[in-house]
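Participant: Modelling step: build the complete structure from the supplied sequences, incorporating the hints.
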Amino acid sequence: MITLKGEHIYLRALEPEDLEFIHTIENDETIWEISNTQTPYSKYLIKQYLEQAHKDIFEVKQLRLVISSYKNEPLGLIDIFDFDFKNKRAGVGLLVNNPNARNKGYGSEALGLLINYCFKYLDLHQLYCNISEENEASINLFSKQGFKQIGLKEEWNYVNGSYKNEYLFQLINN
Numbered sequence: 006m007i008t009l010k011g012e013h014i015y016l017r018a019l020e021p022e023d024l025e026f027i028h029t030i031e032n033d034e035t036i037w038e039i040s041n042t043q044t045p046y047s048k049y050l051i052k053q054y055l056e057q058a059h060k061d062i063f064e065v066k067q068l069r070l071v072i073s074s075y076k077n078e079p080l081g082l083i084d085i086f087d088f089d090f091k092n093k094r095a096g097v098g099l100l101v102n103n104p105n106a107r108n109k110g111y112g113s114e115a116l117g118l119l120i121n122y123c124f125k126y127l128d129l130h131q132l133y134c135n136i137s138e139e140n141e142a143s144i145n146l147f148s149k150q151g152f153k154q155i156g157l158k159e160e161w162n163y164v165n166g167s168y169k170n171e172y173l174f175q176l177i178n179n
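For what it's worth, the numbering used here labels the leading residue of the sequence shown as 6, then goes sequentially.
Errors might be hidden in some of the hints.
Derived lysine to any residue pairs resembling SDA-like cross-links, with alpha carbons at most 25 Å apart [stated by the list, open to error]:
hint, residue 1, residue 2
1, Lys-66, Phe-124
2, Lys-91, Gly-117
3, Lys-125, Arg-94
4, Lys-158, Leu-100
5, Lys-153, Lys-169
Hints listed in this document are in silico derivations from the structure and should not be mistaken for laboratory results.
Facilitator: The structure is reproduced here in structure tokens:
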């Protein structure tokens, strides 16, 4: 059985009411490095994005879900991107935006739910993620969920005047 509900959190589709939440995240310069963002997003553009968020993953090749508490508090986002059904693979990104919700297992629970969804419902063979060499929390999170470091992309991202290495992690469904 496929479920996007865990013990402490659940994953849900984006809603129009998420406009402020998404706007805050997309305009937080401290996390632009993670998403390779370089410019702020207007509420108008985010509203347009939310209006299109209902489209099927097979059409748009991506899916963004809200990590939500059972009190309906948005804690972060988890994404499937570069969805490639022919080769049965996709990229995964995760952000627990609420600082009070970090290091409490919500990211791990969300990632576990998403892995289950991708392998059982979307019939994917593999997932991958890109993690900055300095992001120990994400390295630990993805490693604990079975992702293996398979490569290092040297001087991959230019951030604040210097180049940073990025790891490539992969999880194969055997």
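Participant: The structure should be examined with respect to each hint, and the outcome stated for every one.
Facilitator: Results for each hint:
no. : hint              : in the structure
1   : Lys-66 / Phe-124  : holds, 16 Å
2   : Lys-91 / Gly-117  : holds, 23 Å
3   : Lys-125 / Arg-94  : holds, 13 Å
4   : Lys-158 / Leu-100 : holds, 21 Å
5   : Lys-153 / Lys-169 : holds, 20 Å
Of the numbered hints stated above, none is contradicted by the structure.
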